[in-house]
Amino acid sequence: MKRTIGYKLSIFAFLLPALILFIGVLIAPIIMSAYYSFFNWKVGYPLTDFIGVKNYVELFTSKSIGFMKALGNSLLLALLSVFIQLPLALLLALKLGKKIPGERAFLSVYFMPVLISTVVIGQLWLKIYNPEYGLLNVALRSLGLESWTRIWLGTKETALGACFVPILWQYVGYHMLLMYAGVKGVPPELNEAAMLDGCTESQVNRYIIIPYIKPILRVSVIFAVTGSLKSFDLIYVLTNGGPFHATEVPSTLMISMLFLRNRYGMGSTIAVMLIILCFAFALLISLAFKEEK
Amino acid sequence: MKKFVALLLAAIMLLSMTSVFADEKTTLTMWCIATESDANRPAYEKAIAEFEAAHPDIEIKWEAFENQSYKTKIKSAMSDPDSLPDIFFTWAGAFLGDFADMGTAYCLDEAYKPFADQLPEVMLQNASYGGKHYGVPLTMNIVTLFANMDLLAKAGWDHVPQTYEDLTACCDALVAAGITPFGCAGKETWCVTEYLEPIIEKTIGYEALNDVFAGKATWNNEGIATAVATFQEMINKGYFDPNGMALGNDEVKANFIAGKYAFYQNGSWNCGEVNDAEGNFQVALFPVMNAEKATYGQVIGGPSDTLAVSSHSKNVELAAQAAFELGRGICHYGYLAGSGLPAWTPDYDTSAVKALVSDVAKIVAESEGMVLFGDTAMSADPANTYLDYVSQVYGCAIDGAGFIEGLAGDLQ
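As given, the protein sequences belong to chains A and B, one line each in that order.
Note that numbering that gives the first Met the number 0 gives residue 205 to position 206 of the first sequence, counting from 1, and the numbers run on in steps of one.
Note that numbering that gives the first Met the number 0 gives residue 117 to position 118 of the second sequence, counting from 1, and the numbers run on in steps of one.
Hints in this document: simulated from the structure, not taken from any laboratory.
A couple of the hints might just be wrong.
What the hints assert, rightly or not - With a straight-line cut-off of 20 Å between C-alpha atoms, the simulated EDC-like cross-links for lysine to aspartate or glutamate are:
1. B:K60 with B:E49
2. A:K62 with B:E49
3. B:K24 with B:E316
4. A:K62 with B:D398
5. B:K112 with B:E324
6. A:K68 with B:D387
7. B:K72 with A:E102
8. B:K236 with B:D79
9. A:K62 with B:E316
10. A:K94 with A:E200
11. A:K53 with B:D409
12. A:K62 with B:D409
13. B:K259 with A:E131
Build the full structure now, drawing on both the sequences and the hints.
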């Protein structure tokens, strides 16, 4: 009995530092943010103006804050990530998983954008989209498609799409690598047996490999959706939420509320909403995959 | 022998301790935005070196941050005033007003007295709250219309237009000659205000605009709607580079200096850079739109760049005195470098001042009214709401009526 208690105590002792770190770095800030979200708080002033859920009501109803529009943009990005980015990553993973010549080189090339700093990628795409000397407009002009040229990041009709392209492009390699590892983990005898039974390559992919790597696909979908909800860096570099809030996402809105408008209460409200949305979507996706299982 | 060595070591230790105490200096910390690429950097370096030479017992430990990130940093430091440095750069108006209101900025009334004959009290106006002074002004700047005279000559103009009719005729001639009249950075909304605010001021007059910015009068003013309509008419006539919407200020300024635009309206802190560029440049003001309410000499601007002292500083009185001395030095060297007009009365040789800076100084000396930059005059939340609307005006997403009604509804 004594030995069991001692054993449990030692487990607790070893877990304690990690637990303290987890609570201090993750749980406590979330609780503090939730607490601040109930105040009309300007930093530097005392935290006295308790307003209950007014920040939440304002967040969802105020047109000048535009949270619903920002959330809509994030959800659109999530949709594009799931239906464009992930299928593309899967396609590449399936092709590269078939031991094609130059497999390693292709892997490195597709994964390279993930390794490059997002700010660098943002600067790169800023140059591509530059209305005067940018690669895109120059290419269109040289192809005689002058009428197709646009101020890609400066007009609200094109800015959102122009921001999404590099975001989707950057993380294709990341998801591809996850799925590639899964594809490589499929026992070769399964593939061989299917081939002997007369399956085509696409049938092997559809009935053997994809079902086998479903847990990885689930992780990829969760990462893609939550990553879209939290998207910030590339949009901040490319447009900073402009023009006229056309590319605003919840994170850029949160930065604006916290550091430009000094509304720490409202900024905390957006932070709490982001956490809730990310957890909710992760849970929903897990449930969806569970049902299919 | 051992005793001798021990005595020698003890003597060395004592000596080194003496030298430590002898070298002990008071350190004052300072934050500012004079980064390596900032036009004001040399002025800060010279002023600090001069100060340290005059006060060998004081060391200034200073850090410079990029403008936008500095706003974030200094506002975050507000929540923990002990993390503020002894002296910090700030913008006057509502920005410094928040520090004064919270009690984190130290009142400089006493420290100002010995400098009163060198720094006119009117220059402290934007950094004064409740009759008390909280900031040391460095330089003052106004919105200036820079003109490339070589490009104007190509369109048949030998002078900068002084009336709106002349300006539109000049712009039409420039467009016909294939020259873009104006460049404006839509990516940085403060650059749009550099165009819109002078147009509003020259339509409703500086007193009316001051009242609107101060919240004493409503935004729902027909004159403001007319000014917005004028600005948008200029945009729709093709007077502005359409690519400007996706460009930052540095790119637009580079385009102007490279001869792509005939005009560039921005702060007078650009005088030094434009003056040193190749070409024939002149400075002027935006013309009058409504002569019944405004005059040509009314300007947007004023002393805004300021040094403040943290009330939590351990050497608060010393820091206050240092802030004034440093402010005077930065003003001196900044004026000579062309990065601003002097808020302090010059007591040095000004014959080396750049031509464009002298021209702007003359404009200021003859000014008939001044309105502080809108986003400086208003506190953070309303200022950003205002900038949102200005951005929509530039993109023609709202018209004059939408602008005044929206701001009247959201701000008052």
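Checklist entry - Going straight from one Cα to the other, do A:K68 and B:D387 come out at no more than 20 Å? => result holds (15 Å)
Checklist entry - Is the Cα-Cα distance between B:K60 and B:E49 20 Å or less? => result Measuring from Cα to Cα gives roughly 14 Å; hence the hint holds.
Next on the checklist: Does B:D79 sit within 20 Å of B:K236, going by the straight-line distance between their CA atoms?
Outcome noted: With Cα atoms ~51 Å apart, B:K236 and B:D79 exceed 20 Å; violated.
Next on the checklist: Just to be careful, I want the Cα atoms of A:K62 and B:E316 compared with a cutoff of 20 Å; is the pair within it?
Outcome noted: violated (47 Å)
Checklist entry - For the pair supplied as a hint, A:K62 and B:D398, is the alpha-carbon distance within the 20 Å limit? => result holds (18 Å)
Checklist entry - CA of B:K259 to CA of A:E131, is that 20 Å or under? => result Answer holds: B:K259 to A:E131 is near 12 Å, not above 20 Å.
Checklist entry - Is the Cα-Cα distance between B:K112 and B:E324 20 Å or less? => result holds (13 Å)
Checklist entry - Does A:K53 pair with B:D409 here, judged by a C-alpha cut-off of 20 Å? => result Since the Cα atoms of A:K53 and B:D409 sit roughly 17 Å apart, the hinted pair holds (cutoff 20 Å).
Checklist entry - Does B:K72 pair with A:E102 here, judged by a C-alpha cut-off of 20 Å? => result The hint is violated at about 46 Å.
Checklist entry - Are the Cα atoms of A:K62 and B:D409 separated by 20 Å or less? => result Satisfied, since the Cα-Cα distance of roughly 10 Å is no more than 20 Å.
Checklist entry - Taken at face value, is the distance from the CA of B:E49 to the CA of A:K62 at most 20 Å? => result Violated, because 53 Å separates the two Cα atoms, which is more than 20 Å.
Checklist entry - Given the hinted pair A:K94 and A:E200, is their alpha-carbon gap at most 20 Å? => result Holds - the C-alpha atoms of A:E200 and A:K94 are around 10 Å apart, at most 20 Å.
Violated hints, in rising order: 2, 7, 8 and 9; the structure is consistent with all others.
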